Amino acid sequence: MEFLTELMQYVVENQSEMLSLTIEHILLVVYGVALAFVVGVPLAILAVKVERLAPVILSAANVLQNVPSLAMLAILMLYFGLGNTAVIIGLFFYSLLPIIRNTYVGLQEVDGNLLDAGKGVGMSSFQLLTKVQIPLSLPFLVAGLRVAAVIAVGVASIAPYVGGGGLGKEIVSGIAQRSDIKILAGAIPAALLAIIADYILGFFEKYAKKRTT
Amino acid sequence: MRKLLIATSALALLFVLTACGGKDKETTAGGTYFEMGTQDYTDPKIIAYMVKELVEDQTDHEVNITENIQASPLIITAMDKGDFDLATLYSGEVYNNHFDDDKVEYTTDADKTLAQAQKLFNEKFDLKWFDSLGFENKYTIAISDDYAKEKNIETMTDLAEFAPDLTIGTDSAWIERGDDGYRAFQEHYGYSFKKALGMEISLMYEGLKTGELDAITAYSVDPEIKELNLKVLEDDKGFFPPSTASLVARNDKLKEYPELEDIINSMTDLINEEEMTQLIYEVDIEKKEPKEVAKNFLVEKGLLK
Amino acid sequence: MEFIVDYLDFWKERYISILEYTYQHLVMSVISLLLGILITIPLAILLTRLKSNFLKSLVFNIANVFQTIPTIAMLALMIPILGIGMKPAVTAMFLYSLLPLLRNTYTGIKSIDPGVVDSAKGMGYSAFQSLVKIELPLAMPYIMSGIRVTSVYIISWVTMAAVIGAGGLGGLIISGIGFNNKYLIFTGTILAIILAVGTDLIFGRIEKSRNKNRRKTI
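Protein chains in written order, with my numbering: chain P, 77 to 289; chain L, 5 to 309; chain E, 23 to 240.
Accuracy of the hints is not assured; some may be wrong.
What the hints assert, rightly or not - Some, not all, of what chain L presents toward chain E, calculated at C-beta under 8 Å:
(1) Pro77
(2) His102
(3) Ile157
(4) Ser176
(5) Ile179
(6) Glu180
(7) Ala188
(8) Leu207
(9) Gly211
In short, the hints are calculated from the structure, not lab data. Source: prediction; values computed, not measured. Glycine is no exception: its CB is placed at the ideal position from the N, C-alpha and C atoms.
Make the full structure from the sequences, and use the hints.
Laid out in structure tokens, this is it:
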């Protein structure tokens, strides 16, 4: 109980710092995932259009996904320098697989009859893509974003090891100073962020599902 | 339509990102920012705040500190790339795989090690390695004092008989380091521990407390040595390299801002080992902020009002 | 060319310790996965039998919360409770494995056509027989894919365990960063990727061949 009071006290005393770390954390995740969205969706479309490329794109994303996070950041740091850039690129890499895989599956799931119907009414393949396939695969895409965001919130927590910011700063300096309060002051908001991201994107996922069925 | 909306908003975000990236490099007082990096242990943090206090007191410049970089080589890479202008490093770093084997000569002589670091880092990385801050932070091996007394262990050689039953905790790098790491240690002293576990430095003491570790590679200025009543073993066969702490700065910054060089020079031999141990004690055990501890020390020394 | 020779030398010199790190990595991953399976499958079965939606969502929410705690924080928080080394690392990984295993097993059993279970009852199967002979085999594809996903995640996350003294391939990577040795970082990274991707492929094979066999028997 006393511990909780101390924790509350710490958070209140450092509230502006905590707030800016939280915002920084959110931004890291948003940039990383947004970048992966911008790159991943076209790649997924490419994989659907050119079947031959699909295994290449998916396995490349799969390998990236399995690079241990600390190694990923350390290696990226060598190229992008210290700080948030390396972290954002790392989050981008980790977000690619869930986004590409889900979009790919979603696009493929679209009923062949619908595509034929589309063709029947004279839609071009571009129109088919934007008017039929993408809207119908939206729930899958949002599900991919959801997974990506939760993973990114976690990975972003080790950003300080390569000079990045975010709530990981509290966690890492908490470990270095053996202060459980600091660790928790970083870990609890980080976990909350992941839960909130999960919840909000889960809501959108459900909404998108309703719209498409 | 909706997809377009999402895509454009994502792009807009990216623009914001790049806009944020170009940070304004001018301070309010018209000086510049010096970027300083610190490792994830305490003495470089305290030093960094001392530099910050002094620079901001004596010049219009400001110092921006990034704490908890995972390892010294990452800091050196960052300095090489220009992300950091300043850092605290230890002379033993010269043996850490930065230079070809034929360039560095391994020695446990403190002055020679420092001289090599000053010369080689200047040549290869264009970094100025300043003279000693006044303290060393060496690797040593520490065991509990009770155990040492019971078994009558004074030196690292004495430990040979018992080591096969002991688990040693150390920072991960030591296990793999070259001339001054665990491999070389086993050859030099001719014995191995039952297990050698690498971990985050701050956790070694936790492991000793809970009894999961019997020995650790402590750092000579760690206040926990006293706090936990540990026995630091004498390195009787001269294995561990010296580890003199110095400030290191990029040559181009020093040329551009000679006042920075003056300030760093004024910190030569500022802190001895005992003082540093005390300062770390205040941060690690009394949980004071490094900034405050650094400032008080400078005031005490008359460098700051 | 010189690079390859250097790298081979590196392996020659260090292969024993590299194998040791790999072994630790596998041991931690396997133990946490087995623990996860042992706990979640009965728990998931229990949940499918429960009427109370409140309890169900409580269990799932708790598992979900574990899942969202950043790895580094989870490991750090284990220290005051379990100390350092493999114990806290395995516990942390076990907690991470709960949600995917639980969710897949639960979905797998729930997705079985109630008609099948009813007809099993009609044929005089006891609840236990129905579970073992009908429901679990039918839910197997879901359970297997849960195990697949979880094991890949665990293998990847266990690398962080080196921070709290548990060893594993993360030890190789962190030493590499600290000792400024790119071969160490590279080797640890590649081996971790191979383990994860290899596990994924092997489980994928198993899933496929099971599906084929099933089709044959049907």
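Right, here's what the structure says about each hint:
1. Pro77: 4 Å, holds
2. His102: 6 Å, holds
3. Ile157: Cβ of Ile157 of chain L sits 23 Å from chain E, so the hint is violated.
4. Ser176: Because about 4 Å separates Ser176 of chain L from the closest Cβ in chain E, which is inside the 8 Å limit, the hint holds.
5. Ile179: Because about 6 Å separates Ile179 of chain L from the closest Cβ in chain E, which is inside the 8 Å limit, the hint holds.
6. Glu180: Given a least distance of 4 Å, the restraint on Glu180 of chain L holds.
7. Ala188: Hint violated; Ala188 of chain L Cβ to chain E Cβ min 12 Å, cut 8 Å.
8. Leu207: Since chain E brings a Cβ to about 5 Å from Leu207 of chain L, closer than 8 Å, the hint holds.
9. Gly211: 5 Å, holds
Consistency with the previously given hints fails for numbers 3, 7, ordered from lowest to highest.
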